[in-house]
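Asker: For the protein sequence lines, the chains are F and P, in the order given.
In this note's numbering, each residue's number is its place in the first sequence (first place is 1) plus 348.
In this note's numbering, each residue's number is its place in the second sequence (first place is 1) plus 1.
Take the hints with a grain of salt, since some may be wrong.
Anything over 10 Å on all C-beta distances counts as not near chain F; from chain P, calculated [what the hints assert, rightly or not]:
#1 Leu8
#2 Val12
#3 Leu21
#4 Arg23
#5 Gln43
#6 Leu45
#7 Leu57
#8 Glu67
#9 Phe68
#10 Lys69
#11 Lys70
#12 Met84
#13 Asp86
#14 Leu105
#15 Gln116
Ranges of calculated distance between the beta carbons of each label pair, as one might list FRET restraints [claimed, not checked]:
#16 Leu57/P - Asn376/F: 24 to 34 Å
#17 Ser4/P - Pro387/F: 11 to 21 Å
#18 Gly63/P - Gly351/F: 16 to 26 Å
#19 Leu57/P - Lys431/F: 22 to 32 Å
#20 Glu65/P - Gly388/F: 22 to 32 Å
#21 Ser10/P - Asp407/F: 15 to 25 Å
#22 Gly388/F - Gln116/P: 17 to 27 Å
#23 Gly351/F - Pro41/P: 18 to 28 Å
These are calculated hints, taken from the structure and not from any lab test.
Think of the CB as a built atom: it goes at the ideal place given N, C-alpha and C, for glycine as much as any other residue.
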Amino acid sequence: DGGITQSPKYLFRKEGQNVTLSCEQNLNHDAMYWYRQDPGQGLRLIYYSQIVNDFQKGDIAEGYSVSREKKESFPLTVTSAQKNPTAFYLCASSVNSGLAGHYTGELFFGEGSRLTVL
Amino acid sequence: AQSVTQLGSHVSVSEGALVLLRCNYSSSVPPYLFWYVQYPNQGLQLLLKYTSAATLVKGINGFEAEFKKSETSFHLTKPSAHMSDAAEYFCAVSEAKRGGADGLTFGKGTHLIIQP
Numbered sequence: 349d350g351g352i353t354q355s356p357k358y359l360f361r362k363e364g365q366n367v368t369l370s371c372e373q374n375l376n377h378d379a380m381y382w383y384r385q386d387p388g389q390g391l392r393l394i395y396y397s398q399i400v401n402d403f404q405k406g407d408i409a410e411g412y413s414v415s416r417e418k419k420e421s422f423p424l425t426v427t428s429a430q431k432n433p434t435a436f437y438l439c440a441s442s443v444n445s446g447l448a449g450h451y452t453g454e455l456f457f458g459e460g461s462r463l464t465v466l
Numbered sequence: 002a003q004s005v006t007q008l009g010s011h012v013s014v015s016e017g018a019l020v021l022l023r024c025n026y027s028s029s030v031p032p033y034l035f036w037y038v039q040y041p042n043q044g045l046q047l048l049l050k051y052t053s054a055a056t057l058v059k060g061i062n063g064f065e066a067e068f069k070k071s072e073t074s075f076h077l078t079k080p081s082a083h084m085s086d087a088a089e090y091f092c093a094v095s096e097a098k099r100g101g102a103d104g105l106t107f108g109k110g111t112h113l114i115i116q117p
């Protein structure tokens with residue numbers, strides 16, 4: 349079935365360590381996104397990418413990095429520079445909004461990854 | 002800049018009663034509007050969306066929402082609550098002019114509690 353797969357579901361990290369969260373989609377979507385979710389804060393955009401080999405910072409990019417080497421993959425690295433990394437991370441994808449007539453606005457989400465810093 | 006305000010971080014209703022979750026948006030251009038539902042430790046699932054067609058939008062699980070431009074609102078309703086409706090609900094906006102280049106802007110969410 350088509351969808352978005354995030355792994356791992358749960359991850360524990362010691363302070364000072366970098367960790368990478370995986371996001372893979374087989375929906376043939378051009379655009380991919382990473383959001384961070386904290387209780388009572390809603391979802392905040394970390395990074396997004398509309399095409400391969402290109403990505404932009406979102407509202408809270410500090411302490412995070414991404415790559416987009418393949419259309420179906422958009423991994424997120426939480427670096428040691430992120431001061432408060434404990435959160436629920438959600439990856440999403442959508443049809444590329446730049447293509448006329450193709451924009452629906454809808455995001456498709458993965459099941460999320462919960463990161464806890466010990 | 003676009004923004005979304007969801008009134009009430011927690012809403013409690015009795016099973017069988019009307020569900021009303023409020024959402025007001027701010028956008029400089031005609032918006033696309035969405036409601037998503039999230040169950041514990043899961044991703045978000047789309048309930049319904051408004052993309053400048055009919056102002057009354059019907060979604061899954063018996064939910065519907067009405068776009069009111071004059072009130073800048075997009076409230077979510079369901080005539081009769083079911084225990085399975087207990088979840089977190091998010092309203093989101095995208096600016097159609099930019100084609101949603103930077104994804105959606107989300108409200109802080111409303112936790113819906115269903116009392117037996």
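Asker: Run every hint past the structure and note whether it holds.
Answerer: Here is what the structure says about each hint:
| no. | hint | verdict |
| --- | --- | --- |
| 1 | Leu8 | holds (14 Å) |
| 2 | Val12 | holds (14 Å) |
| 3 | Leu21 | holds (19 Å) |
| 4 | Arg23 | holds (15 Å) |
| 5 | Gln43 | violated (6 Å) |
| 6 | Leu45 | violated (4 Å) |
| 7 | Leu57 | holds (18 Å) |
| 8 | Glu67 | holds (18 Å) |
| 9 | Phe68 | holds (13 Å) |
| 10 | Lys69 | holds (19 Å) |
| 11 | Lys70 | holds (17 Å) |
| 12 | Met84 | holds (23 Å) |
| 13 | Asp86 | holds (19 Å) |
| 14 | Leu105 | violated (6 Å) |
| 15 | Gln116 | holds (22 Å) |
| 16 | Leu57/P - Asn376/F: 24 to 34 Å | holds (32 Å) |
| 17 | Ser4/P - Pro387/F: 11 to 21 Å | holds (20 Å) |
| 18 | Gly63/P - Gly351/F: 16 to 26 Å | holds (24 Å) |
| 19 | Leu57/P - Lys431/F: 22 to 32 Å | violated (45 Å) |
| 20 | Glu65/P - Gly388/F: 22 to 32 Å | holds (26 Å) |
| 21 | Ser10/P - Asp407/F: 15 to 25 Å | holds (20 Å) |
| 22 | Gly388/F - Gln116/P: 17 to 27 Å | holds (22 Å) |
| 23 | Gly351/F - Pro41/P: 18 to 28 Å | holds (19 Å) |
This entry does not satisfy hints 5, 6, 14, 19, going by the numbered hints stated previously.
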